[in-house]
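*Asks:* Sequence:
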Amino acid sequence: MALATNSAAAAAAAAAVSGGAASQPRRATAFLPLKRRTISAIHAADPSKNNGPAVPAAAASKASSSAVATPEKKPAAQGKWAIDSWKSKKALQLPEYPNQEELDAVLKTIETFPPVVFAGEARHLEERLAEAAMGRAFVLQGGDCAESFKEFHANNIRDTFRILLQMGAVLMFGGQVPVVKVGRMAGQFAKPRSEPFEERDGVKLPSYRGDNVNGDDFTEKSRVPDPQRMIRAYAQSVATLNLLRAFATGGYAAMQRVTQWNLDFMDHSEQGDRYRELAHRVDEALGFMTAAGLTVDHPIMTTTDFWTSHECLLLPYEQALTREDSTSGLFYDCSAHMLWVGERTRQLDGAHVEFLRGVANPLGIKVSFINPFLYWPSEFYVLYLRSCDADCQIGLHFVISWNVGERQNEPQ
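When we follow the numbering used here, the leftmost residue of the sequence shown carries the number 1, and every step to the right adds one.
In case anyone wonders, no lab produced these hints; they're calculated from the structure.
No incorrect hints appear here.
So the derived label-pair ranges between C-beta atoms look like this: (1) D217 <-> A291: 51 to 59 Å; (2) G250 <-> M134: 29 to 37 Å; (3) N155 <-> P178: 26 to 34 Å; (4) F149 <-> E270: 34 to 42 Å; (5) E102 <-> F218: 19 to 27 Å; (6) H153 <-> Q228: 16 to 24 Å; (7) A154 <-> Q271: 24 to 32 Å; (8) K80 <-> E220: 39 to 47 Å; (9) E324 <-> A246: 26 to 34 Å; (10) E277 <-> G251: 22 to 30 Å.
Glycine included, every Cβ here is placed at the ideal spot set by N, Cα and C.
Turn these sequences into a full structure, and let the hints guide you.
*Replies:* Given below as structure tokens:
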């Protein structure tokens, strides 16, 4: 996926595979053969450490990988999906909150909040991803490894947005196909951990699980999971998306402006030289259009579509923001347009897959070269996705690969 906040520019390939839908009633479906074209997507480097501007759009003393305690409401019976049926499954990577009553109160509060995104927006993204699945578009996803409260600033948001727009312009010019731009932002707070505890100088504390769970300071107080952090994460997500929408539709994304921005992180590199050459050619094309009297003030030249995504990890929060769409009867996780399940939580009989199988958002599954899953035939991906749903909808599912730089020695 996208690199960590202080990373240099890098790329990670992703293949998008279409798959199933949710267990609720669905709109008309289109079936794909088992062997089909994949979508290539590049994950942009994280610019949030740059000093430039920002982007668009809308206590326990220990923690473990165990599931959050089941609240008073009894989960639905296994086999039939419900918004809380994930609680009947084994849930990994979830924190243990010290005060269940406080947790329940926070979740009930979030349930009353407006959605961060709307179902219609997620459906629009699904349509665009379907175009990519058919080879008629290219998917570009990028952003922070994990967002933080400390680094929340308009300039950081702007920088991420700018990089994605610049990369999108070059990819669109070189590939001659539309680019679907998806930010890993406005909700990417939670972090999966290899170990539930961290030890320094003989002191053992719960691992840092992201700003929406606990703090990164190595103190007992900071590492206690705090439900109130979910409310702050919600507020930051809404503010981020609001700015992203303003950038995307307020003229900041105009094609002429995009090609003239400087990409500092690509200075003095072969990739930077190639980018500048392509950007110059784009400028020449825009200049020709102007000279020929072709207006560049059309909305298609001054605005852009931009979607958000994050890993579906903190299930209580995701459930609290899941809404039933009044127009389709489907359930959407309205915390983001697109969600994915990570390598540590994608067990077929696990809570995260159980939750995601019932929401109608475009969904992803993350794999890496170190996992044999990546070498299994494409038919397995289809079977995996169909285990989540009863039908197979183009544009609804995708596969994300990472550690691409280390895959040159992988088995063929």
